[in-house]
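Number of protein chains: 2
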Amino acid sequence: MPLTSALPAHFQPVALDKAYRLMNHGPTVLVSASHAGVANVMAAAWAGVLDFMPPKLTVVLDKATATRALIEASGQFALQLPTRAMATLTTGVGTDSAHTVPDKLHKHGVQLFSVPGSGVPLVQGCVGWLLCRLISEPHNQQTYDLFIGEVTAAWADDRVFSQGRWHFEQADNALRTIHHVAGGSYLVSGDTIQG
Amino acid sequence: MPLTSALPAHFQPVALDKAYRLMNHGPTVLVSASHAGVANVMAAAWAGVLDFMPPKLTVVLDKATATRALIEASGQFALQLPTRAMATLTTGVGTDSAHTVPDKLHKHGVQLFSVPGSGVPLVQGCVGWLLCRLISEPHNQQTYDLFIGEVTAAWADDRVFSQGRWHFEQADNALRTIHHVAGGSYLVSGDTIQG
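Chains as they are written, first to last, in the working numbering: chain L, 1 to 195; chain Z, 196 to 390.
It is worth saying that the hints were derived from the structure and are not from the lab. Watch out, some of these pointers could steer you wrong.
Result set (SDA-like, lysine to any residue): computed pairs, CA atoms no more than 25 Å apart in a straight line [claimed, not checked]:
#: 1; chain 1: Z; residue 1: Lys299; chain 2: L; residue 2: Ile193
#: 2; chain 1: Z; residue 1: Lys213; chain 2: L; residue 2: Gly183
#: 3; chain 1: L; residue 1: Lys63; chain 2: L; residue 2: Met53
#: 4; chain 1: Z; residue 1: Lys299; chain 2: Z; residue 2: Ser309
#: 5; chain 1: Z; residue 1: Lys258; chain 2: L; residue 2: His139
Could you put the whole structure together from the sequences, leaning on the hints where they help?
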């Protein structure tokens, strides 16, 4: 699948010291990587924040996944936040493996792009993107399938994230992030409250 | 603060192989522990699932927190899921430290209980509770403030969680879980969708 260099509309940089805010609310993510001309995308509910600055993230990647091998080979990956409108796509790329469904990205309508200076594939339609450098921790990777990345750049859709905050209430509900419960069922990010 | 052995209404066991489902959607949690007669509770947005069975969780605990020291000393802790109704309590116990506010639990209206056979304090009013045994990983704890726990027992409020699934739409909105964004602002778990 060819990468395009056409950036999504509303794709705006997020300052690194605010990048953790994209993930603070625990959304399900799409994990993307490429190596030697092969790109892949999987879904992961088990991803989260590890540190503020420099921002670090964790993500759990099963040994059976094709994307994990691309990350181990390239030392780079991206986490990105799919929307309510992308729930079926998310379940699709989280269920099919490229090992058995080589055209899984095409099958599930995944469109990729990349930013200047990076070969890591990013997924169109998401509302947050975090480009990461793998911090190699062989014990964690082998024993727990746990991967740590340092965020080197981040972007968000400025219709729903600006000035370091989500503003879902001001935009189309289709742009809200999703949180996997089980079996393709998701809780959509809901009301904003102050506590 | 004395523990009571009176269990909350609607407090029902969750099978260990379904315990990860309590955390799969990335809620903000309260972290509780006790040692040598001292109990404490803090808030953590950076907690998540590490494995299905036996279920394992991760949580990031800053070195400055009093609760971390109790976990390191006792080797046990609990993660539990506060509700929309508990957002102010959650911000309170996440902001004040027992180091400087010794009566923080009383100040923020935290009521504790425990289950037979365990001395780990649990927080009344939550909708999910996961009792954990610390899996000692000194490198992760020291370098990343990252703690791993194996879930040894779990419970949920059966008004909102049953048969391994959340059912928020059938209950009072005040019982929905919350996801911290920043500065005491939370996204409440919203609609359930199938993707």
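Checked hints:
1. Proximity of Lys299(Z) to Ile193(L) is assessed by CA-CA distance (about 23 Å); at most 25 Å being required, the pair is judged to hold.
2. Between Lys213(Z) and Gly183(L), the direct Cα distance comes to roughly 12 Å. Compliance with the 25 Å bound is thereby established for this hinted pair.
3. A distance of roughly 29 Å separates the Cα atoms of Lys63(L) and Met53(L); the hinted pair therefore is violated under the 25 Å criterion.
4. In summary, the hint linking Lys299(Z) to Ser309(Z) is supported, as the alpha carbons are separated by about 19 Å, within the 25 Å threshold.
5. A hinted pair counts as satisfied when its Cα atoms are at most 25 Å apart, and Lys258(Z) with His139(L) qualifies at roughly 22 Å.
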